[in-house]
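Engineer: Read off the chains here:
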Amino acid sequence: MEIDLSVNIGKLKLCNPIVLASGTVGYGEEVANFLDLSKIGAIITKSISLKPRRGNSPQRIVETSSGMLNAIGLANVGLDEFVKTKIPILEKLNSNVICNIAASSIEEYVECTKALNEFEIIKAFEINVSCPNVKEGGLIFGNDLTAVGKITSEIRVATNKTIIIKLSPNNSNIAEFAKVVKQEGGDAVSAINTLIGTAFDIYTKKPILKNITGGLSGPAIKPVALAKVLEISRSVDIPIIGLGGIMNWKDVVEFMIVGASAVQIGTVNFINPFAAYEIIDGLIKYCKNNSIINISQLTGTYQI
Amino acid sequence: MNKIIIENSIIESNDKLTESIYLLKVHSPIIASKIKPGQFCNVKVSDTDYPLLRRPFSICDVENHLIVFLYQVVGVGTEILAQKMEGEVLSILGPLGNGFNFDDDFETAIIIGGGIGVAPFPFLIRNITNKKIVSYIGFRNKNEIVDYGLTNCKYATDDGSFGLKGTCIDLFKSENTILNSKTKIFACGPNPMLKSLIEYCSDKNLNCEVSLESAMACGFGICQGCVVESKEDDEYKLVCKDGPVFKFNEIKL
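Residue numbers (our numbering), protein chains in the order written: chain A, 1 to 304; chain B, 1 to 253.
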């Protein structure tokens with residue numbers, strides 16, 4: 001039996017539902033020397049902002065129970081350098097590239113999207129409205145329905161490519177945000193970004209992260225992520241890219257059952273950079289054993 | 001850059017050397033054949049999601065197809081590692097980072113190790129040929145001293161229970177070592193120790209490389225967690241990918 005793992009997200013066709021999450025594959029070149037990216041659904045670049053960002057002072061990461069906190073602070077080379085040095089490399093990678101954009105104003109989001117829209121290698125945009133680790137922008141937008149709507153509609157004018165809005169779990173009504181994204185012409189949502197968390201040293205009584213708080217990721221957040229994906233899929237008809245703590249193919253199946261059309265894997269790439277391969281193999285076996293010819297049939301098959 | 005691989009490696013031995021320091025030998029023929037002095041591996045100490053991340057350890061030595069790590073029990077991960085027995089399997093990711101440069105023109109190698117900072121030097125020493133080597137090592141007290149694989153050692157302890165009372169830097173400065181343009185210093189240890197060494201080397205215009213440690217998630221340049229300030233510009237360098245070995249004048253501690 002030939003299994004079809006391909007899925008569609010808006011106009012974007014993926015050869016399988018596995019997408020490497022922003023911030024866990026650099027600009028692609030960092031992983032291309034040990035991964036054949038053509039075998040993976042897509043990769044999402046680390047967030048690009050209009051101006052370069054140095055990122056937060058160390059300490060930037062700390063491990064927690066079955067998870068980790070990061071406060072990198074959207075460190076990136078900035079739009080100009082990305083266009084000059086990173087895009088030419090991406091063009092050689094034979095990969096589906098989704099460009100993640102972060103900004104501190106609506107105008108910046110639009111300017112970045114416009115500037116990147118002409119590059120054929122970029123197949124879609126993932127708009128980061130929910131980074132918990134920067135003071136300006138980021139989460140401020142992610143918690144504001146009107147702002148998310150405005151960002152989506154303005155970016156829609158700037159590009160015909162697939163627009164994915166990456167939603168924050170740090171609010172109480174994620175489905176409302178997905179609804180607004182759909183209304184304003186967005187093609188899909190990614191759910192979820194990291195959860196805000198912190199950790200303290202009990203002897204010095206100081207926060208371990210210089211930024212005080214960070215974004216929690218890893219298996220610790222999977223139940224939250226699943227609940228958010230389910231919440232969106234039960235009330236809004238929009239493709240969802242599920243993410244949050246996926247470690248293996250079983251987690252992927254679970255996300256698809258609750259409503260994800262595709263998934264992103266993030267933290268696991270730090271621990272097992274070959275996880276995507278293992279997950280894809282596992283999905284093929286699962287489909288074979290359960291007579292699933294097209295994996296897209298799995299999406300939203302929850303029995304409640 | 002070397003291609004990174006994951007090798008599921010059988011433990012040959014995991015011996016307790018002091019109250020907190022262990023010597024671990026594992027069968028990793030591929031990594032053993034590729035890894036260079038000063039590079040490191042990222043080791044998964046459990047098969048489960050706890051602890052989640054790998055633990056980075058300097059390569060201490062290579063014996064044919066065995067790779068050797070010298071590690072100190074400092075937290076949950078190393079506590080689990082210390083319980084591992086011969087025959088158990090560890091997932092080892094490597095080789096990672098850039099090692100020491102020891103092909104350049106020097107006559108005397110000075111090794112400076114603070115505490116578990118001695119870990120990367122046995123493999124380096126094994127690879128330095130036809131040069132004079134002196135090792136200055138410092139520990140908290142006599143019971144914590146580990147000079148495994150080192151050569152021509154001078155000792156310091158914080159409490160004076162063995163060798164000079166003071167740090168390995170105090171010891172290095174106190175010895176009338178001939179320091180000149182044909183001397184190269186290789187150092188590893190806590191950041192405050194390396195910071196004072198870097199200042200000393202700047203003053204005396206000495207050739208020195210330091211190996212840093214840092215919290216990190218991936219070990220291969222992706223997570224951006226392990227930054228250290230660059231001296232040349234306002235940017236950050238990554239300990240895992242740009243280091244862990246740096247020229248003393250590349251970084252600000």
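Mixed in with the good hints, there may be bad ones.
In silico DSS-like pairs for lysine-lysine, Cα to Cα no more than 25 Å straight-line [unchecked claim]:
no., chain 1, residue 1, chain 2, residue 2
1, B, K142, B, K131
2, B, K165, A, K210
3, B, K3, A, K92
4, B, K195, A, K206
5, A, K210, B, K3
6, B, K231, A, K51
7, A, K86, B, K154
Now the stretches of chain A that chain B is said to cover, found in silico as 3 or more residues with beta-carbon under 8 Å [stated by the list, open to error]:
no., region
8, 86 to 93
9, 163 to 169
10, 236 to 243
Keep in mind that the hints were calculated from the coordinates and are not lab data.
Note that this is a predicted model, so its numbers are computed, not measured.
Even glycine gets a Cβ: it sits at the ideal position worked out from N, Cα and C.
Engineer: Are the hints correct? Go through all of them and say.
Structural biologist: Now the hints, each set against the structure:
1. Taking the CA atoms of K142 of chain B and K131 of chain B, the gap is about 29 Å. The hint is violated against a cut of 25 Å.
2. Distance check on the hinted pair: K165 of chain B and K210 of chain A sit about 34 Å apart at the alpha-carbon level, beyond 25 Å; violated.
3. Using a Cα cut-off of 25 Å, the hinted pair K3 of chain B and K92 of chain A holds, with the two alpha carbons roughly 18 Å apart.
4. Note on K195 of chain B and K206 of chain A: the hinted pairing holds, with a Cα-Cα distance of about 23 Å set against a maximum of 25 Å.
5. A hinted pair counts as satisfied when its Cα atoms are at most 25 Å apart, and K210 of chain A with K3 of chain B does not qualify at roughly 33 Å.
6. Under the criterion of a C-alpha separation no larger than 25 Å, the hint pairing K231 of chain B with K51 of chain A is consistent with the structure, at around 22 Å.
7. The suggested pairing of K86 of chain A with K154 of chain B is violated, with an alpha-carbon distance near 49 Å, which exceeds 25 Å.
8. Proximity of the region 86 to 93 of chain A to chain B, defined as three or more residues with a beta carbon under 8 Å from a beta carbon of that chain, is not established by the 0 residues found.
9. Look at the region 163 to 169 of chain A against chain B: 0 of its residues bring a Cβ nearer than 8 Å to a Cβ of that chain, fewer than three, so the hint is violated.
10. Only residues whose C-beta sits within less than 8 Å of a C-beta in chain B count toward coverage, and the region 236 to 243 of chain A has 0 of them, not enough to reach three; the restraint is violated.
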